[in-house]
Structure formats: C-alpha cells, structure tokens
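In the order they appear, the protein sequences are chains W and B.
According to the working numbering, the first sequence is numbered sequentially starting from 34.
According to the working numbering, the second sequence is numbered sequentially starting from 34.
A couple of the hints might just be wrong.
Taking lysine-lysine and the DSS-like style, the derived pairs with C-alpha atoms no more than 30 angstroms apart in a straight line are [what the hints assert, rightly or not]: (1) Lys113(W) - Lys176(W); (2) Lys326(W) - Lys355(B); (3) Lys326(W) - Lys361(B); (4) Lys355(W) - Lys297(B); (5) Lys355(W) - Lys378(B); (6) Lys72(B) - Lys378(W); (7) Lys448(W) - Lys72(B); (8) Lys202(B) - Lys72(B); (9) Lys361(B) - Lys361(W).
Some chain B residues well away from chain W (every beta-carbon gap over 12 angstroms; in silico) [unchecked claim]: (10) Asp43; (11) Ala145; (12) Ile321; (13) Asn343; (14) Arg369; (15) Ser389; (16) Gly436; (17) Asp464.
Hints listed in this document are in silico derivations from the structure and should not be mistaken for laboratory results.
Yeah, the Cβ is synthetic: ideal placement off N, Cα and C, and Gly gets one too.
There are 2 protein chains.
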Amino acid sequence: MADHLSAVLDHIDADLDKSLERLFEFIRIPSISTDPAYKEDCRRAAEWLTVQLRELGFVAATRATPGHPMVVGHQTQAAKGPHVLFYGHYDVQPVDPVELWNTPPFEPTLVAAPNGDTWIVARGASDDKGALMTFLEACRAWKTVSGELPIRVSILFEGEEESGSPSLKPFLEANSDELSADVALVCDTDMWDDETPAITTMLRGLVGEEVEITCADRDLHSGMFGAAARNPIHLLTEILATLRDADGRITLQGFYDDVSELPKAVKEQWARLPFDEASFLNQVGLSIPAGEKGRGVLEQIWARPTCEINGIVGGYIGEGFKTVIPSKASAKVSFRLVSGQNPTKIREAFRDHVRSYMPADCTVTFRDHGASPALSLPLDGPWLRPALDALTAEWGREATLAGTGGSIPIVGDFKRLLGMDALMVGFARFDNRVHSPNEKYDLSSFHHGIRSWARILAAFAR
Amino acid sequence: MADHLSAVLDHIDADLDKSLERLFEFIRIPSISTDPAYKEDCRRAAEWLTVQLRELGFVAATRATPGHPMVVGHQTQAAKGPHVLFYGHYDVQPVDPVELWNTPPFEPTLVAAPNGDTWIVARGASDDKGALMTFLEACRAWKTVSGELPIRVSILFEGEEESGSPSLKPFLEANSDELSADVALVCDTDMWDDETPAITTMLRGLVGEEVEITCADRDLHSGMFGAAARNPIHLLTEILATLRDADGRITLQGFYDDVSELPKAVKEQWARLPFDEASFLNQVGLSIPAGEKGRGVLEQIWARPTCEINGIVGGYIGEGFKTVIPSKASAKVSFRLVSGQNPTKIREAFRDHVRSYMPADCTVTFRDHGASPALSLPLDGPWLRPALDALTAEWGREATLAGTGGSIPIVGDFKRLLGMDALMVGFARFDNRVHSPNEKYDLSSFHHGIRSWARILAAFAR
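With the rest of the complex left out, here is chain W (with noise of 0.2 angstroms):
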C-alpha cells in the first residue's frame, strides 16, 4: 500500500476544489438536531452521507433511532490490517444570534483572513462537518488511486451529538458485535497550535460528590448560641480546607497509589512545546500556578489528578447580615482521575475522610454525581506511534501527545460498551468559534487533515 501514497497524496492535492464541493453540498444541509423544525433537513444529510459512503465502496445504510438516524458503512473488502471504526456526527448548532453572521450560515463562504490564511466560513465547518469529510476525502482518495482501501474500515455517524447523544448508548449496545473494531478513530479535537498536530491520548475521569453537613436540627441565632453550638459552615470549611496539602497534593487516603508518572518521553515532549505558563494563566487574569509544587501547568492540567470545590452554599446569602448559625450547609465537590484510579476508591476515599472530621453529634450526608474512569491510549500501543509519525511526516513538525481535563463522552462510551481504544486526532483550532457566529475551518486544516489521515490509513497498514 505504501507505495501508492505519493499519488494518493498528489491526488488529494489535485483534487482539493471537488473535495470542497463536496464539502459545501453537506454544509448547505441545515441539520440542526435540537430543532424539530430540521428534523427533515438531519434525515437529508444523514441520506447524503449513506450515499457518499456507498460511492466509496461501503455497504451503507440510514439507520432508524428514536431520535434522528444513524449512518453506518462497511466495507466489503476482505478483511485485512487491522479494523478501525471511524467515528462522527453530521448534526450542528442552531446559528442563533443570526444577525451576527457576516454571511449566511449554511451557504458556505471561503474568506480571506487577516493573516492570509483562507477560511471556511459556516455552521458546520468545523465541527463536524469539515472535520468528518477530511476522513471521508481521504478514503475517497485512496479509493481513486488504488481501487481500495489500505485496511479495513467501518463507519458510524450520529445526527444527536449536539442534542446529548440519547440514541449513541442503545445503539451501540444493540450493534455492540457489528460496531466493534480494533480501534475507534474520532476526529473531533484539536491540533496544539497553528502549525503542531497533536493526538490526544489522556483524558481525566471524574467522581462528583455533593456533601451536606446538619449540626443543629434547626437555624440559630448567634447571640444565643454562638461558639456553644456547632456551625456547620465552620465545619465544613475546616474540612474542605484539609483535601490540599500544603503543596497542593490531595490528602485523601491512597489518592496517589494508582497514579503512574508520566513517562519521561512525553515529559520531555511536553516540555518542548511551546507552551508559557504566564500566558495561560494571564488569559484568565491568573499569573501563580495553584497546583501541585513542582509539577508544570500542562502536567497538571492534562495528567495529574485534582480536587476542585465547584459550590459552596450555607446560612444567609442574602443582602445584609443575619447572625444566623444555619442548621446545614453544603459542597459540591469534583476530583479529576488519572489513568489507573479507581472512582469507587476515590469517592470512598473523601467520604471517609469528610466522616473522620464529624462530631459525634453531627451528621453528613453525601450525593454521588456521576463517576468516569480516566482513559487513556497505551503509548506503546500498535496505534499511537504509527499515527504520530504519519502527522510529523504530513506538517513538517512533531506531532504532539495532549491530554484533556475536559470529558468526551463517545471515547468513553467505546471504551466501556465496544472494549475499544480510540485516537483522537482533529485538525481544528482553537479560534474557530465553534457553537458560535462565523464558525470556520482553515482551509489548510481541511487539506492537511485529508492528506493527514491518507498516510494514517496507510501507516496502520504496515
């Protein structure tokens, strides 16, 4: 197959204004998903897609949900190379405020940007639209040149991810053994900077607790029984004071025993990367890490477990003052797990260490609000080194591991209901205002995203 990727990637080249074409007859399909009134217009573009994919050679079908369909594709060859399910959604966001788009949102516009790039300008073009086809594109291409595909691909596309996804879990369990592949490909991140391609290889889990604390079975009044009775706002902050030590290591018992150091590679990696903690911070109006002593802002962000508090609430909030001592008072609390950790352990974990603070005379009560395994793709995986070549190899620069605090449900998903990995690697950037007026692509991330996934496809092939 390697030898037929210089012409797959002269062909892309060549072929970049159809691409595009193509990519515009999608983008002027108004699926918006959380709108009843598209509903018709997400059946249509669920449609083109089912006939794209069988152009290509897919055994394709527009799949019935409660909500809008499924499109999946498989292709007929015999199996050969590993199988990858490529993975993406072909609903957007409603384009409201319309007033602030310079052009009409579904009639695709290529823009000169003040930098000289040019710019896809439209709802859809990058997330997911402009994305998902650089997939498609490449498989086109490979299809074109050498009659095939270099290994074996299935495709699943959703209409529901803007809309919370309610169709993704029953699907996947009704297909779980169709939909099943060796590794899931999901093209929905982004690339580090203008010029740096990135995987994303980490991504934290989450255990969210809500704890409330009842000391008197009733509000006080401080002039009364101030100091006497137990205040269990005091008592509450002493004990949230306590999760972070002094250098900003989390205190529950075994928080730490199942966290692995970052490999030295990647920590080298990160550290070449041009990434200036004083600007990150000053985005926000920040300029003094808060973390864990000795530990870089990437590292902590992308591959360190935390605890944050994301809601405190007790006694009078009001205008003015009461010298209330309230009866209750409560928090909502969140840690971010790295790969190995357990969530049970970890809620376990805070709830006894909240219960070793109580008096005896005062009880607690906890909520779990969800917990998520941290995920992350193995470096010494079949998957990761080929991919990263092939993106060093296709923008001239090394390809980086990201990590993310934020979650990305489908990657979970895989993993627990299909047992697959999955490779995330996007192409977008991080202006380009998505869910929001004037969203666009780069045109060169939709060129270099095709020919990023040609030599992909043809690295997992070796």
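Dock chain B against chain W, hints included.
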C-alpha cells in the same frame, strides 16, 4: 425611706387587683405600631400613660415625633439620691394569625395554667405593657404610702420599639440633657428560671464583615483549568478554617489582648446556676459544646468573644452538578465582642488576617456590616449590688448576673448618646410567647415584679 418599704410591699399586695385593672385597661388599647390603621390607638396609649404619670406626680407630656409619640415624665420633687431614667415601650406586635388565639388578643384574660400558675393572656401582657406597669405600680405604691418616691425618677416611653425605633435616636439626641440620668432602668429581659431573678449585666458587641475573594476574571471549566487556576472557594475555605485553632480560640492577631477573665465571684455564681449544658444543646439537637476548650457553655455565650461564619456562597449551587471553577466566592463573618474589645481594631485584625493569605494574583474586598462595642455594667459600681440584694430579698433566692449574646439597641443608644449605663432587670419567662399568639405574663411576674422595683427604688435611696 427604708422604714416605709414593708408598708409599701403590703400595699402592693393589697392593691394587686386594682393594679391588674389598670394593666388591663392599658392592654385593651390595641397600640400596634407597625400598622397605620392603629395610629390613633398608639396615640391613645401614649395619652393614657401620660395621665398615669401625672396621677403619680410627674410632670409628663405626650411628645410628638415624625412617628408615634414619646411619653416623657419627670418628678417635680427636689432632687435627692440618684436620678434614674426608666425606659419602656407602649406599642405591641400585630396579632396575626388571629385565629390561633384562644382568647381575644386585646381582651386580657386570666387563665389557670396547667402547673397551677395564673397567666395574664393578651397581646402586650409581657412585651412590654406588663413589664412597664411593674415599674409604674411600684411608683404608685411608694407615692400612696409615703407621699413621694424614694429617689428621683424620670420616665421615657416610646411607641415604635416593635417597628425599629426610627424616632428614638433623634429624640435622644435632641433631648440629651433632659433625658440624661445617673443610670437607666430597662425592663425587657427574662428571669433566669421561674424562681430565680436575674440582672443582665453583659451585652456582647458585634462586628459584621463580608469578604469576597476574586481569582480568575471569569468562571472557568475545571477540565481546562483545574488545579492550575486558583479556586476562590478553596482559598476562602482555607482562610476561614484558620480563624479558630484546635482549641476553639480565635486566631486573629491581638484578638484577646483586651479581654478580661470573668471575675472569680461571677464564675462561681454561674457554676452554681441550675444550668445543664447538655440540656441546653439537646434542645437544638446537639450534645457536644463546640467553642473554646476549658470554658463552660454559659461563659462562652455570655462572656467570651466568638467568631461565626453566618453565610457562605460560591460556584454552582443549583440542582445537579457543574464542573465550574468560579471567579468569586464570598462569606459573611461576625464577631461577638466582650467588654474591652475595640470593634474597629477587631475588624482590621480580621482584614489583615485574610489579606495575609491572599496570593498576589487574587483580590479580596471587604464590606462593613456594622459594629457595636460590648456593654457591661461594672460589678463594683453603685447599681448592681443594691439591685441584686433587693431581688434576692424579694424572690428568696440568690439573684444571678446574666449575659446576653443578642443586642438590645436601646442600651447601646443610652451609653453612646447619653453616657448612661443601663440596669436590665426583667421578670419575663422564656415561654411567654412574646410576638406570638396567646402571649402571656405570669401573674407572679407582675406581682413580684412590682415588689422588686419597690425594693430596688428603696435600695438605691440608701
């Protein structure tokens, strides 16, 4: 004078039915100060008192204010002995919900209580018409028996106590020479228990502060910025947790510098009081005293300075969960002060304490929610010992010195505007349902209250 006392007490006993008749006449005037519909009734109550005072030989007048009138009376006898100003109020609380009253609220009714006591049930029976009349009836008995009062007495009755006393301060300021006396007598406090009289000698002061901490200049997503960006809730809880040490002592610099230990005699008296710490806390569902180690609960709530967090809020406090790192978090904090502590100094110590924990990239703002110094009647002054002895003689049980954590604004006003200490003696019981339906005053409170004042007047004359 003392030679008249036993005749005066006998007269009080013999005249009790007539005293009650006068009280009932007064109670029947529905002088609700908060409801404009009762404006004329308030004026009638003031006029009624003015007539009473004139009968007792006072030069008295109903004095206009922007609100309900004041009643001021002065004795015309040549000045001899100390000069006291008795304060009371003729207005009462509304009676809603009227359907919960067992008898008409403005038709005083004698009710046989389950324990054999007799209750005077009516709005104002305790607060403050019954209490106020104990003093007037004592004056009446002295006047009847000996033709004059044992000491020089002035009177101030207001009609806006239940609606925030808006006219009081201006009236005190405008008439400060006229109203200044050697000591004020205030009849608005409780007995220690059904059989033990009490003088309230300590009113704690109060400093109210609101502290708001700002970290990032916007709310952040904890997945993106968690750990690296300072969380103001975490910072606030850490700071608030430092306000008390492990022994429950307040950690502000110099907080205890001006705090004196309780005199040994008072400490011993309080130790003898039938006060059960467990029962006190049990009534609100607690059992473990939470304040300073090594200090009794009574000492904590009456005679020690405290710090309470009265309110706290930050981040997401609605249903469910949001992984936000908020920009701001705030708390309302109050300090109860004891005699000697300077509110301004305490406020500054608190602000300095908070500032000392602030990272350089975060900001804190403070809001002043008022301050008042503690007030206490000197144990070794001319008023306390004679009054205690008089009460002890009347009730056949050692009168106790009490503190109160709450504030009685008039006492601060007398001290600040007129330079007068106040002797707070009251005959109310805890269960008088003041401000509630079926307010009552024990007939024995009324009877022994009159006799107590008769004795105190005699004691001051010595």
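Each hint tested on the structure:
Distance restraint check for Lys113(W) and Lys176(W): the Cα-Cα separation of roughly 15 angstroms lies within the 30 angstroms cut-off, and the hinted pair is therefore satisfied. As the CA atoms of Lys326(W) and Lys355(B) are separated by approximately 26 angstroms, the hinted pair is consistent with the 30 angstroms bound. Between Lys326(W) and Lys361(B) the CA atoms are separated by roughly 23 angstroms; this keeps the pair inside 30 angstroms, and the hint holds. A threshold of 30 angstroms between alpha carbons decides the hint, and for Lys355(W) with Lys297(B) the separation of about 34 angstroms lies outside it, so the pair is violated.
With a C-alpha separation of about 22 angstroms, the suggested pair Lys355(W) and Lys378(B) falls inside the 30 angstroms cut-off, and the hint holds. For a cut-off of 30 angstroms, the pair hint linking Lys72(B) to Lys378(W) is broken: about 68 angstroms separates their Cα positions. A threshold of 30 angstroms between alpha carbons decides the hint, and for Lys448(W) with Lys72(B) the separation of about 76 angstroms lies outside it, so the pair is violated. Between the alpha carbons of Lys202(B) and Lys72(B) the distance comes to roughly 21 angstroms, so the proposed pair stays at or under 30 angstroms and holds.
With a CA separation close to 22 angstroms, the supplied pair Lys361(B) and Lys361(W) stays within the 30 angstroms bound. Listed as outside the interface, Asp43(B) is consistent with that label: its C-beta sits roughly 39 angstroms from the nearest C-beta of chain W, beyond the 12 angstroms cut-off. Non-interface status of Ala145(B) relative to chain W is upheld: no Cβ of that chain comes within 12 angstroms, the nearest being about 31 angstroms off. Not every Cβ of chain W is farther than 12 angstroms from the Cβ of Ile321(B); the closest lies at roughly 5 angstroms, contradicting the non-interface assignment.
Not every C-beta of chain W lies more than 12 angstroms from that of Asn343(B), the closest at about 5 angstroms, which undercuts listing it as non-interface. Its beta-carbon lying about 6 angstroms from the closest one in chain W, Arg369(B) breaks the requirement of being farther than 12 angstroms from that chain. The beta carbon of Ser389(B) sits about 15 angstroms from the closest Cβ of chain W, which is more than 12 angstroms, so the claim that it is off the interface holds. Not every C-beta of chain W lies more than 12 angstroms from that of Gly436(B), the closest at about 10 angstroms, which undercuts listing it as non-interface.
Consistency note on Asp464(B): stated as away from chain W, and its beta-carbon is indeed over 12 angstroms from all of that chain's, at 15 angstroms minimum.
When each numbered hint is compared with the structure, violations occur for hints 4, 6, 7, 12, 13, 14 and 16.
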